[in-house]
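**Q** Since chain L is already given, all that's left is putting chain G on it; use the hints.
2 protein chains.
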Amino acid sequence: MFEAAQLGHAVDKATFKNEEARLREGLLAAQLQLRQRADFPVVILLAGVPAAGKGETANLLLEWMDPRSIATHAFDTPSDEETARPPFWRFWRILPPKGNIAVLFGGWYADPLWHWQDGDEERMAQRIERIQRLEKMLADEGVLVLKFWLHLSRDKLKQRLKGLQADPRTAWRVTPEDKRFLKDYDRRIATCRTLLTRTNLAEAPWRVVEGWDANYRALSVCGQVLDALGHQLARESVKQRRVDAAPLVKSIDGVRLLDALRLEHPLAKPEYRDRLALAQGRFHGLMRSLAARRLSMVAVFEGMDAAGKGGAIRRVTAALDARQYRVVPIAAPTDEEMAQPYLWRFWRHVPPYGRLTVFDRSWYGRVLVERIEGYAAPAEWMRAYDEINDFEAQLTDAGVVVVKFWLAISQDEQLRRFQEREATGYKRFKITDEDWRNREKWDDYIQAASDMVERTNTPEAPWHLIGADNKYHARIAVLDAMCEALARRLKRED
Amino acid sequence: MFEAAQLGHAVDKATFKNEEARLREGLLAAQLQLRQRADFPVVILLAGVPAAGKGETANLLLEWMDPRSIATHAFDTPSDEETARPPFWRFWRILPPKGNIAVLFGGWYADPLWHWQDGDEERMAQRIERIQRLEKMLADEGVLVLKFWLHLSRDKLKQRLKGLQADPRTAWRVTPEDKRFLKDYDRRIATCRTLLTRTNLAEAPWRVVEGWDANYRALSVCGQVLDALGHQLARESVKQRRVDAAPLVKSIDGVRLLDALRLEHPLAKPEYRDRLALAQGRFHGLMRSLAARRLSMVAVFEGMDAAGKGGAIRRVTAALDARQYRVVPIAAPTDEEMAQPYLWRFWRHVPPYGRLTVFDRSWYGRVLVERIEGYAAPAEWMRAYDEINDFEAQLTDAGVVVVKFWLAISQDEQLRRFQEREATGYKRFKITDEDWRNREKWDDYIQAASDMVERTNTPEAPWHLIGADNKYHARIAVLDAMCEALARRLKRED
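Just so you know, the protein sequences line up as chains L and G, in that order. Be aware that the first sequence starts at 114, since it is given in our numbering, and climbs by one per residue. Be aware that the second sequence starts at 114, since it is given in our numbering, and climbs by one per residue.
For reference, chain L alone in the conformation it holds in the complex (with noise of 0.2 Å):
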C-alpha cells in the first residue's frame, strides 16, 4: 500500500509551474460544471501520517479552487451536541450538498486510526464495516469520494518533525501525538496498512501520495482531483452507472407475510379506557429512565392511508411531556434534502439522549410509495433494504431503542374510513385525490410493504404487525411494544 509512497518522489519548480496553470485553470473550470449541474457533491477526504501535509493540501485547494463552493471540515473532540448522538451523525450534518465540494481532515478515518492502536478488533471491524457501507452508499448516491492517504516513510517523518522543531515559528505545530506516531512508527503503520486495505473499496479507492516534497504532493492531489471530478462529469448523468437490479420474486402461491395477518382484534370501549391509562403510566415511568442511561428512542410509524397512525401516535406522546418527543411528518422533501443521499433527511431528527422521536412515515418511503411510483429506480430500492438496516444498526449501537409498526386494516375498513372521514367537519381535510388514488394500488403496497418486513425486521430493530381494524386495540398494541422494547433495553443496561 505504501512502497511506492517512500521512493523521494520530487517535482523541480519548472516543472511544476507549467502545471500549475493547467491544473487551476482545469479545476475552476470543472467546479463551475460541477456548480451547474448540482446533480452530486465531492467529498475529499484528507488522511495520512503526522506532518506529511494535510493542511497545507487544504489550504491549496481552497485556494486554487472558487472558495464559495467549497468548505473544510476538521473532526476534533465532538461537541456535546454530537456526543449525545450516534458517532456518524456528525459526519451527515455536513455533507455537501449536490454541486458542492466537502475536504474532510480525517473524516470517519480520524477516530479508527488514532485511538484503537491497541486494538479492540471487534471494534475496529464494526467501524470498518460501517466505514465500507458508508462510503458504499454516498458512492451509489452519486456522491464522488476521493480518499487521499500522504504517506511519509519513518526516516523524512522524523526528519520533518526535526525541521518543525528547530524553528521557533513552527514547533508548536508538533504534537505530542506526533512524537509518539514516530516513536511507535512500525505498528502504527501496520495498523493503517489494515485499515486502507479493508476499505480500499472500488467505489472509494485510496488515493496514497508521497508527502515529502510540496510540489510533487500538491500536483499529485490536485491532478487526481481533476482527472476524477472531469470522469464524473463526464458521465451523461451519475444514475446511469447504477446496475439494473433483478426484480424481487413474487410468492409463487401468492400469498404474502401480511396478506397472513389478522387484522380484527376486538376490544370494547371501557376494556380499552383501562388498558390504555395503564400502558400509558407504564410507558411515561419507563420513559423517565432514559436519559440517565444515555439512551434514547425512534418510533416508526408505517401503514395504509387511514391506518390509524395519527391516533396512535396521540395516545403515545399524550404520555410524554411536551418536552420529551418530537413528531416528524415525512412527506415531499425540502430542496435542501433533495440535495443530499435520501436517508440525510431522517439522520437530522435522530434525538438525542433521552428524547424520544417519533417518525410519521420513514425512510420505508424508499422501498413503499418510491418503489411503487417508479421514484426511486429497482436498483436504489433494492440496496436500501441493506442501507436502512445500516442505519438502524447505527442507532441501535449508539443507544437508540428503534421500534416499527406496520398498521394494517382490510381495504373495506379503510373504505369505510374514507368515507367517514369525508362526512365529518375537520376531518375532511384528511381524505386527498392521492389517497384515493393510492387506494388503487392496494395490492403493490401490501407486496411491496411484505418485501419491507422481510428483509428489514432485525432482531435490535424489530417489525410489530399491528391488526389495525380495531382502533382501540392498535394503540394499545402499539404502547406495549414500545413498552416492552424499552424494558428490554433497560433491563440489558442494568
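Note that these hints are calculated values from the structure, not bench results. Just so you know, not all the hints are guaranteed correct.
No distinction is drawn between identical chains; accordingly, a pair holds when it is met within one copy or between any pair of copies.
[Stated by the list, open to error] Result set (BS3-like, lysine-lysine): computed pairs, CA atoms no more than 27 Å apart in a straight line:
no., residue 1, residue 2
1, K382, K363
2, K126, K275
3, K126, K382
4, K584, K554
5, K363, K275
**A** Structure of chain G alone, referenced to chain L:
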C-alpha cells in the same frame, strides 16, 4: 399586570367539557388551515411563576392539536455549540417554518427572568431592547407571537409547592429555585412586572392567565390561541397589514455619497506583491489570537458585478488555514430559507469563536437588489436598516468583529471587465444576461447603496468604501481594514 390573575378564577367540570370539544375541533381546523396556507408560523411562548402549569399547558396544546406540525423547545443550559455564538442564535435555529407552530418554554425571557434578580440594570435594559426588536421583527415578518404568563399569587404558589412536596410522586418537581422564588416572591414579581410591562408590545402583547385552576388555565390559553390564530388566518395575506413607508428622499443637488468616492488608486504590481505578503502575514497572525479570547469575525462583501469581490476574498482566505474560515455565497434562498424571516439564512452561518465567515453578498441584498427589483415592499426594506443594525450589534456584542466592504468601480471599468471575461475561457461563466440587465440599473444601485451606507454605518460595524478600479489597491485596502479591525478589538480586550 398581574391583578386580574389573582382573583381565584375557576371553571367547573361541565363547562370545561362543553368548551373542550369546541376548542379542540377549532384548533385542529385552524392548524390545518395554517399548514395548508403555510404563509406564516406561530410561536407560543410560555413563561410564568414556578408551578403555575407551563408544562401542563404545553402538554395540553400538543395533545389537542396535531403533533406533526407543532413542537416544543426548552432552553436549559446552552450547548457548547450555542455558547460559542451570540445569545439569540439558539432561538433563531429553532424558529418554526411557515405553517408550523413552536411552543417555547421561557424562550428569550427565561434568562432575564431567572438570572437578573439583582439587577445589572444596564444589561437588563439591553436585553429588553433586543427582545423588543426581535418580537417586532418577527411580527413584521408575519410570525404570530403569542406570549403567555401563567401567574400564581404568593399564597397559591405556597399552597401549590406544599401540595407537590407532600406527594412522593411529585415532590421531585419542586426545585430549590422554586423555593427561593417563593421566599423572595415580592421582589421577584416586581422584576417580572417591569420586564412584562416593558415588553408588552402592540405586535406581541403579554397574555396573563391565572395558573391555579387547570380547567380555567386550559380554556384561557387554548381559547386565546384559537382566537389569535383565527384572526391572523382571516387576513387575506399576512403581508397586507404592512404600512406603506414614505419613500427615501433623493439628494436635492443629485450628489450621492458614493458619487463622491475616488475610484482609481494607482498601485503597481511589484509594490502590490510586497504589500500583499505583508498584509497577509499580519492578518494570519491576528486571526490566530482570536479563539483564545472568544472572538470571531464576519466580513461582508458588497459591490457591483465584477467589482472584484471574489478576487479580494481569495486574497483574504489565502492567508488563513482552511479550517479557520468559511465563504458563504449568497444567491437565491432555498425553500427552507424562504419559510423563515429573511435574516434566518444569515444567522445559520454565524461563526463560532475563533472562526471567520466571509459573506460574498449578504443581508444587504434586502436593501439593494430586493429594493430595486421590488422583491421587498418599501416598508420591508425600510425597516431592514434597523433590523440589520440590531443583528450586527448582536454580533459585535458577542465578540464577533464585523467588517463590511463596498467595492466601488466606475461604469467604464465594469464594461472593460465584462468584455475581458467574455473573452477569456474559464471566466466566461462569470458573465450572465442578468449582469447586463443589472448594469442598466446602475443609477438605482448607486442610490440604494448610498442610502445603505448612510443608514448602517455604525461605529462597531463600519462600512469601508473602497475605490476598486485598481484591483491591487482594493485587495490591499481590504486586508488592511480587516487587520485594523482585528487589532482594535484585540487591543480593547487586553
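**Q** Would you mind marking each hint as holding or not holding in the structure?
**A** Going through the hints against the structure:
1. K382 with K363: The answer is neither: 40 Å in one copy and 74 Å across copies each exceed 27 Å.
2. K126 with K275: within (24 Å within a copy, 82 Å between copies)
3. K126 with K382: Between. Shortest inter-copy distance 22 Å satisfies the 27 Å Cα cut-off; intra-copy 85 Å does not.
4. K584 with K554: within (23 Å within a copy, 64 Å between copies)
5. K363 with K275: neither (67 Å within a copy, 66 Å between copies)
The structure shown violates the earlier hints numbered 1 and 5.
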